[in-house]
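Given the structure of chain E, go ahead and fit chain A onto it with the hints provided.
2 protein chains.
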Amino acid sequence: MNLEEMGEFGFIRRISRGCIVRAEGVIKGIGDDAAVFTLEEKEAALVTTDLLVEGIHFLRDSICGFDLGYKAIAANLSDIAAMGGNAREAFISLAIPPTVSLEYLDGIYDGMKGLAGEFSVNILGGDTTASKRDLVINIAVVGSAPRDEVLFRGGAREGDIIFVSGFLGESRAGLHIILDRDHDRSEAFESLLLAHMRPRPHLREGCFLAHHGGVTSAMDVSDGITSDLCHMTKASGLGALLDSSYIPITDALRKYCGLCGLDPVEFALQGGEDYVLLFTVDPQRADQLSVDFEKAFGAQIFPIGVMKSREGIEVREEDGMRRALPPPGWNHFRQD
Amino acid sequence: MNLEEMGEFGFIRRISRGCIVRAEGVIKGIGDDAAVFTLEEKEAALVTTDLLVEGIHFLRDSICGFDLGYKAIAANLSDIAAMGGNAREAFISLAIPPTVSLEYLDGIYDGMKGLAGEFSVNILGGDTTASKRDLVINIAVVGSAPRDEVLFRGGAREGDIIFVSGFLGESRAGLHIILDRDHDRSEAFESLLLAHMRPRPHLREGCFLAHHGGVTSAMDVSDGITSDLCHMTKASGLGALLDSSYIPITDALRKYCGLCGLDPVEFALQGGEDYVLLFTVDPQRADQLSVDFEKAFGAQIFPIGVMKSREGIEVREEDGMRRALPPPGWNHFRQD
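So the sequences go chain by chain: E and A.
Here the first sequence is numbered in our numbering, starting from 7 and rising by one per residue.
Here the second sequence is numbered in our numbering, starting from 7 and rising by one per residue.
Next up, chain E with everything else stripped away, as it sits in the complex:
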């Protein structure tokens, strides 16, 4: 059966299965004019939304439905994580051209439901419609956080230590390997591929950081440290000094960069879609936070630099020399 025979409502029935993974607080999911749910008292509501268009954000013949769905919702969950929130309900809209198979669509929803289910996130609604040419996905996620624990981009102070909650650059390397279609490297660097295809949103980590105290600002690393830290320093009216020897790089990425003749630090700073958290911490609280984090997650957080009063971002190289990081160049509307 294809989508045309099944019709909009048949398709909605098909995708509705497995959408509610946590019934508590849900009054109405898919099937009415709007979804209805409750938020606990004294909680702030968080909403994030991403619009993904074929040919801009993904190439249908380069990514399977499952990975596309997984990554699309991972990016939104990561935004909630960056605010220190719990992700709660997701709303999925698809505009579907006639050339997309039902299997591909099922894959998208399976990828979304898999990751959403792991974090007790319900899919409560959305919209499904046709598209003449491009597959379009919009995801909106609603989360919540205690009002006084929400983490913003703009709260950092001079002297705060800059941390990341995981390794950098692996996702970008994974993308390179995929685009190169290099089978040998795909086998040798599976961990890099996985970092690109199955990023883990740091939701539990974000809640922990927000609740711990001492964290002054946070965001997720989606465009790359160079770009994201630039937003953070601007939002806080500050600058930053990074230490190149502190940038967390896995052995696999170091080896891959060696093979390709790339500078791993540079590569890690420019790499996007890491979906780790970038956050600043009161220097008086940083040591205790590191210890407590490691106890809670069995994993490290990495100090990579310090917030400075002078605008701009500098990197201190191993020889002690400082160089300015160029401002980020990403512009969705530039046609190269």
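Keep in mind the hints are simulated off the structure, nothing from the lab.
Be aware that a few hints might be false.
For chains that are exact copies, the list does not tell them apart, and a pair is met inside one copy or across any two.
[As the list claims (entries may be wrong)] Derived pair list, reagent style SDA-like, types lysine to any residue, alpha-carbon separation capped at 25 Å:
no.	residue 1	residue 2
1	Lys48	Thr256
2	Lys34	Phe303
3	Lys34	Pro152
4	Lys314	Asp325
5	Lys34	Gly160
6	Lys138	Glu323
7	Lys240	Gly35
The following block gives chain A in isolation, referenced to the frame of chain E:
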């Protein structure tokens, strides 16, 4: 200046102006990983979302930016109205092809901000990105309603009176006139054009109905009574009998149908995008509700039929004969 020169962040700064029209409860709007706001205690949160794609939902050369933005947000506000809710925060995502001018985009946001502002709805976030070919708009609206006052599609009981909160079919006639590009008729039937281009979401009316008591189910008329009532009867496990002489039709629509040789009742029942509310009322409470509604709004609600235990929808004609309404045929995925 064009979009490419302005860049994504320049464009976001441009559209951010005038987005917050009600600061109370807003902790963070555009500019962080997620928007943050509070809902009052004992309120249920409502979320609705619509994805609009060029070539499917609109033709860029047939609608100006202002009207496109206005209608897009009107449809979402109408969904919140249909649940008996207050609309609170909107999230606007645009995927923009290089052929769309800044003026057109400004028009879209002006249309959205105009209507949102009238109903104290903030625009708190969204996403802006590029598109290769088609302009894509996604809107998500968050609303709230007292938990015990939310109106669903599925609460109607046998014998409940079916009402609509306004006239039917005018929007469809307006669309006909626009597609015909008939200048004389455009002048003669301005009210029909307005009904199509500037539908008023019945938000205050929806809250009134939810709060009044006696209303057992509600939805908005977006696809046309034939289709929408079908959803409502199915959700309630019932059928319906409509009375053709009770279908509310304006003099202007009657005159237009006369000129075109169309049956105005049939036209009104099939017409979409009316964005009035379709709702069912306990027969014991219907008269009082009508009186109270007219007192509150200076406008009528119209009884059009009654809920029946037998499935399907019938219409009683003026001669007393009954005919079955065909089931709705709308299927986004059919290619005609």
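### Query
Out of the numbered hints, which ones does the structure contradict?
1, 2 and 6
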